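Undergrad: Those protein sequences? They're chains A and B, same order as listed. The opening position of the first sequence corresponds to residue 1 in the UniProt record's numbering, with each subsequent residue numbered one higher. The opening position of the second sequence corresponds to residue 1 in the UniProt record's numbering, with each subsequent residue numbered one higher.
One should not assume that every hint holds.
No distinction is drawn between identical chains; accordingly, a pair holds when it is met within one copy or between any pair of copies.
Computed list of lysine-lysine pairs in DSSO-like fashion (alpha-carbon distance at most 27 Å, straight line) [claimed, not checked]:
hint : residue 1 : residue 2
1    : Lys195    : Lys68
2    : Lys245    : Lys68
3    : Lys142    : Lys9
4    : Lys28     : Lys9
5    : Lys16     : Lys238
6    : Lys28     : Lys171
7    : Lys95     : Lys28
8    : Lys12     : Lys234
9    : Lys95     : Lys202
10   : Lys243    : Lys207
11   : Lys195    : Lys148
12   : Lys148    : Lys9
It is worth saying that the hints were derived from the structure and are not from the lab. Here the structure is a predicted model, which is why all the values come from computation and not from measurement.
Okay, here's what each chain looks like letter by letter:
There are 2 protein chains.
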Amino acid sequence: MNDVVNLLKSHKSVRKFKAVSVEEEKIKEIIECAQSASTSSYIQAYTIIRINNMEKRRSIANLSGNQKYIEECPLFLIFCADLNRLKIACEMNNKVFVEGYVETFILSTVDVTLAAQNALIAAESMGLGGVYIGGIRNNPDKISELLKLPTNVYPVFGMCLGYPDEDTGNKLRLPMEIVLKTDYYTSDDDVEMLKEYDEQIKNYYIKRTNGQRADTWTNQVGSLMSNPQRPHMKDFLKEQGFKMK
Amino acid sequence: MNDVVNLLKSHKSVRKFKAVSVEEEKIKEIIECAQSASTSSYIQAYTIIRINNMEKRRSIANLSGNQKYIEECPLFLIFCADLNRLKIACEMNNKVFVEGYVETFILSTVDVTLAAQNALIAAESMGLGGVYIGGIRNNPDKISELLKLPTNVYPVFGMCLGYPDEDTGNKLRLPMEIVLKTDYYTSDDDVEMLKEYDEQIKNYYIKRTNGQRADTWTNQVGSLMSNPQRPHMKDFLKEQGFKMK
Numbered sequence: 001m002n003d004v005v006n007l008l009k010s011h012k013s014v015r016k017f018k019a020v021s022v023e024e025e026k027i028k029e030i031i032e033c034a035q036s037a038s039t040s041s042y043i044q045a046y047t048i049i050r051i052n053n054m055e056k057r058r059s060i061a062n063l064s065g066n067q068k069y070i071e072e073c074p075l076f077l078i079f080c081a082d083l084n085r086l087k088i089a090c091e092m093n094n095k096v097f098v099e100g101y102v103e104t105f106i107l108s109t110v111d112v113t114l115a116a117q118n119a120l121i122a123a124e125s126m127g128l129g130g131v132y133i134g135g136i137r138n139n140p141d142k143i144s145e146l147l148k149l150p151t152n153v154y155p156v157f158g159m160c161l162g163y164p165d166e167d168t169g170n171k172l173r174l175p176m177e178i179v180l181k182t183d184y185y186t187s188d189d190d191v192e193m194l195k196e197y198d199e200q201i202k203n204y205y206i207k208r209t210n211g212q213r214a215d216t217w218t219n220q221v222g223s224l225m226s227n228p229q230r231p232h233m234k235d236f237l238k239e240q241g242f243k244m245k
Numbered sequence: 001m002n003d004v005v006n007l008l009k010s011h012k013s014v015r016k017f018k019a020v021s022v023e024e025e026k027i028k029e030i031i032e033c034a035q036s037a038s039t040s041s042y043i044q045a046y047t048i049i050r051i052n053n054m055e056k057r058r059s060i061a062n063l064s065g066n067q068k069y070i071e072e073c074p075l076f077l078i079f080c081a082d083l084n085r086l087k088i089a090c091e092m093n094n095k096v097f098v099e100g101y102v103e104t105f106i107l108s109t110v111d112v113t114l115a116a117q118n119a120l121i122a123a124e125s126m127g128l129g130g131v132y133i134g135g136i137r138n139n140p141d142k143i144s145e146l147l148k149l150p151t152n153v154y155p156v157f158g159m160c161l162g163y164p165d166e167d168t169g170n171k172l173r174l175p176m177e178i179v180l181k182t183d184y185y186t187s188d189d190d191v192e193m194l195k196e197y198d199e200q201i202k203n204y205y206i207k208r209t210n211g212q213r214a215d216t217w218t219n220q221v222g223s224l225m226s227n228p229q230r231p232h233m234k235d236f237l238k239e240q241g242f243k244m245k
């Protein structure tokens, strides 16, 4: 197991940070690493917005389910899927940008996620820690207004970064057999495997909370998925130019 | 600049591989790294399908724009966004899975992409190389049939992996100033910066092709984006349970 594998396997989300700035040189390296990620057909369809303004941070924290660490972290980035730049590229070459296909939505969402994961790994390699903030999609319209996002750009997630001031444990992942299949998809043994996994997760929670919590994985994610997820997203995205054609 | 940053910055897509298998122990490590990536609310909404069957590989290559390296690479993985497992989790807890929100589509697409990027980085750290295959979305219905994907699962991209048998150059990324903004989005200087970037890219192509090709970045991506992108995706996804509600 080499150092990179070690780093990747020891990932854990960090939400509590030391009151120490992240060095500008490191931030530059982090963004360079983000940009080095693969990109579909070279389109590089993302923009990263670094939020320095503390008032903005406060607003974003409030709009994202009151996640305090958005205010507290030394470095807060918002990763946007960006097709606006490609529209500009079209205009520069007297071409007409074709808007609104779901495929283009996928392209930009995948592109920005690849870049973000590179950023997080680079940061972690420097002793920093961080967490993704999907909560910015709680109020994507207000976030977009704050960030002055044009059409064909949407905020996918935020990322808090800084020097860790907590040591959380890794969360046990699904058994590999359930996530990795060979040649075709089958879920024949999933229920059995999930039951075993549930037991492990339950024991983990019991141990970590001194018996206060004994939830299973399937119950936890089942509760989540039996409720509509951010039902405002469709209208927001449509308004923003992502018409899901 | 540490070793990880070095590795991330030196990424290049590899499409030509030595006829050497990837060790099973390494494959296991790669998948473990994939699973260690962040996951939204712990949902782990993806399944990785390893394609060993050579007939299947041939079919997939044909369906993905005749990309020969899908057949030739020692290890070929297909990364699927997977909500089916979460549906099973609902059923195990007598809950009703809510299908079809665009937000859930985002959650699973982001989750699978984070995992995939970890897989690629892990592989690269072991001396392997690889390339993402978005081409599997050329014929997602036939690919899904081949892989026996149930509803609420869709194939996002493939990944070819193996020991590199070519040494391609890195492709120059956009200037950082255009990708990284502070506090809010602005594209005021984008055209100027893109013109400069275009010059650099043009010179790169001229040099690499001995003057045969002199394309600019904006022309290249503009040509792409002035054509509808995979317009079949909407209907395919709808059929597959991703109704973009």
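Undergrad: Give a verdict on every hint.
TA: Hints and how they fare:
no., hint, verdict
1, Lys195 - Lys68, "neither (35 Å within a copy, 41 Å between copies)"
2, Lys245 - Lys68, "neither (37 Å within a copy, 31 Å between copies)"
3, Lys142 - Lys9, "neither (36 Å within a copy, 35 Å between copies)"
4, Lys28 - Lys9, "both (25 Å within a copy, 12 Å between copies)"
5, Lys16 - Lys238, "neither (35 Å within a copy, 40 Å between copies)"
6, Lys28 - Lys171, "between (30 Å within a copy, 18 Å between copies)"
7, Lys95 - Lys28, "neither (33 Å within a copy, 46 Å between copies)"
8, Lys12 - Lys234, "neither (31 Å within a copy, 35 Å between copies)"
9, Lys95 - Lys202, "between (57 Å within a copy, 19 Å between copies)"
10, Lys243 - Lys207, "neither (47 Å within a copy, 40 Å between copies)"
11, Lys195 - Lys148, "between (47 Å within a copy, 24 Å between copies)"
12, Lys148 - Lys9, "neither (37 Å within a copy, 30 Å between copies)"
Checked against the numbered hints above, the structure violates hints 1, 2, 3, 5, 7, 8, 10 and 12; every other hint is satisfied.
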